[in-house]
Amino acid sequence: MGNILEVDGLTKRFGALVAIDDLSFSVAEGEVLGIMGPNGAGKSTLFNLIMGKHAPTSGDIRFAGKSIAGAKISEICRLGIGRTYQIPQPFRRMTVLENLMVGKLYGHESRHVRAAREAASEILETTGLADKADKEAGALGLLDLKRLELARALSTSPRLLLLDEIAGGLVEQEVDALEAIIDGLRQRGQSMIVIEHVLRTLFGHSDRVLVLNFGARVTDDVPEDIVKHQEVIDIYLGGTEIAPPDPDKARPAPEAGAMPVLAARGIDAGYGAFQALFDVSLEVYPGEIVALIGMNGAGKTTLTRAITNQIPLMAGEVDWKGVSIAQVPTHKVVDLGIAQCLEGRKIFGQMTVEENLEVGALPHHARPHRAEMLEEIYALFPRLRERRHQLGGTLSGGEQQMLAIGRALMAKPELVIFDEVSLGLAPRIIAQIYEAIPRIAASGITILLIEQSAQRSLAVADRAYILERGRIVMSGDAAEMRADKAVQEAYFGVDAKAG
Amino acid sequence: MNRTYVGWGALALVAAAMLTVPAFNDRYMLFVAYFLALNVALAQSWNLVGGYSGLVSLGHAAFFGLGAYAAAVAVNFLSVPIAVSILVGGLVAAAAAVAVSFLTFRFLGIYFAIGTLVLAEALRLWMVNWELLGGAQGMQFPIHASLSVSTFYYIMLALAVGATAAVMLIVPSRLGFALRAMRDNEESAQNLGVNLFRTKLTAFVISAFIAGLVGAAHANRLGHIEPYSIFSASWTIGIVNIVIIGGIGTIVGPVVGAVFVALMSEYLADYASLHLVIEGLLLILIIRFMPYGIWGFVQRLPRWIAGTSAGRRATDPEKV
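Taken in order, these protein sequences are the chains called A and B.
The first sequence begins at 1 in this note's numbering and counts up one residue at a time.
The second sequence begins at 1001 in this note's numbering and counts up one residue at a time.
No lab work stands behind these hints: they were computed from the structure.
Treat the hints loosely; a few may be bogus.
Between beta-carbon pairs, the in silico distance windows are [unchecked claim]:
| hint | chain 1 | residue 1 | chain 2 | residue 2 | range |
| --- | --- | --- | --- | --- | --- |
| 1 | B | His1224 | A | Leu391 | 35 to 41 Å |
| 2 | A | Glu355 | B | Ile1287 | 33 to 39 Å |
| 3 | A | Gly349 | B | Ile1284 | 30 to 36 Å |
| 4 | B | Phe1289 | A | Ala180 | 41 to 47 Å |
| 5 | A | Arg439 | B | Ile1287 | 28 to 34 Å |
We put the CB at the ideal spot given by N, CA and C, even for glycine.
Work the whole structure out from these sequences, hints included.
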């Protein structure tokens, strides 16, 4: 059996950003290759390159021996590659059956509508959509949309299938339903590349797992052994680039018996029928740095949303200084003294650095302190002072992150929630930002630090919680957790010693 | 299958009823019916791109006007019969669609709409200044070669029926699947093998061809054309209006919309200033409460009454 796909020295740059860095790998006919890597590792970009959405900057992609680098998407489809998206992209105003007929008519050259209808009906059967055939795709629930995404990718009868987080956002029974379909495909010898953040699911399907970080290949191995590689552990749990905690942090230890500023008790939350958090409880005491650690999709951002009342709770309660905030609307949460530094930065690109910061000082209690806060933030991040008159959109990723942190602090919060502040940044920048966190805490602000990287956040935190698939699986003193091997297993949600 | 026969039956029935209009010997009625047919034909042709392909072109008047001028040139300079001049009008408009496609298809979404609008306006200004084709004075058709008012009505009716039939044939065909897929999600359509450029071009050319035919036929009936009115953006706005009121992306919608607008003009004819205000207000209400227009609303009514969440979600404009 030959290789169906060969990727050779593939590089993709977007401006200064290297999304895929000299990547080489191959997929054998009938093989299932799993791909793992932290957010921003380049997984989806890799799919976009293989499928022809982006042309490679350099390097080659060969499908069944033929170079497809730079070919049109529709041509690559006809050659025999199909893909699904993490967020389903259906034809909303067409029925489920019609969605599949498009693939039959254009991807598989059955030019007759009637023949395409029959052929598409067969796929409905194997993907569990038979009873939804005539339903408009825009009216489907998430599980059915995911099924449709998979069914439509199959409608072109691809020789190679690219699955991007097909189980993402689904609850366990639903994941099982999709896994059964994928297992069926695998048994039929379907070649696949699978991106999946739930490692149990990924390992269950894959013959081999390739690990990416910063767009480059880290290593590959059979699923049983992949999380034993030190490089892989370092990527997820964090390397040693962050200095251990400063002994003279000069912060008062939280008083024993003090009331937590923020307490979540038994929270269940999610989106529609999809539950993302299960009985999550956590407490943050005044002056503390608390880390909430988990992989992609563990429910970290959902928890932030639940805490700040952006989504309704299905159960449980969130208390701010002992009082439930269930009735406080989102835009008023910041007035309580809770500021958020959101994942993805979300700065105002068409406003200057200083204007961005000033917008942060909107709460009434913060307005009189605007000038002094500006000075504090410029002291914290001198880069921002240098760029104060530059438009936010022209800053580098790291500078934007500093600006986002600064903007959150401008609200003069008592508690600030940092959501994935290191996401997609170069190690040097991450180190700068992590250096600032204890200094922010030293000024009397309580910090909830939400992170993918365990080692990094444990280095600065006082206490930590580990979230895995919507549940708190471990919590304790950060220094102790740093030394604990069990953290690794709890984090990955798989037994690293097994196999 | 059944639904297809019902559709064709309904089209035949309406066409047959419309054929009887000249028999009433009422010039005004004939005039109203003529414009109804013209609006249906133009609206169907726009709906093919704007409604089924997601290409919201605001330059449709350009193809209509080009058809008109092409017919005038063919009749005056080449002395062709009217039927041939109409065909020439369609072909010239189609050729223009090919010519601008390489430029306009680079624009996406709102920029496509603006780009086509700008091109059409530029063409209008060009024609105003092009002395060879009469400049602002426009062009005259020889009176001796003209046809009777009823004959022009039959021609326009044939174009309306033909345009509707063309859409009815295209939508359930292989091409129709590509158009609708492309409208709903361009990238997904490409992933399934749809060649975007070729598909857009096909829809655009067919649409322009029909608009050109209609423009050519109308020019012949007018006997005199001038660039300001024949290239006026109000043609485009009028038919977009009709399609949205009737039901964008449906076959019956343009017909319902054209009838609705015709009736409104009749009943509000005595209140000229109020007419536009009410039409604007209705448009806002329809966009807000019936995102798929009158016909789309009627289609979804049973589900809506049943109160299923599916029905409600499907009429949610944000999901379109």
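Hint by hint, which ones does this structure get wrong, listed from lowest number up? 1, 5
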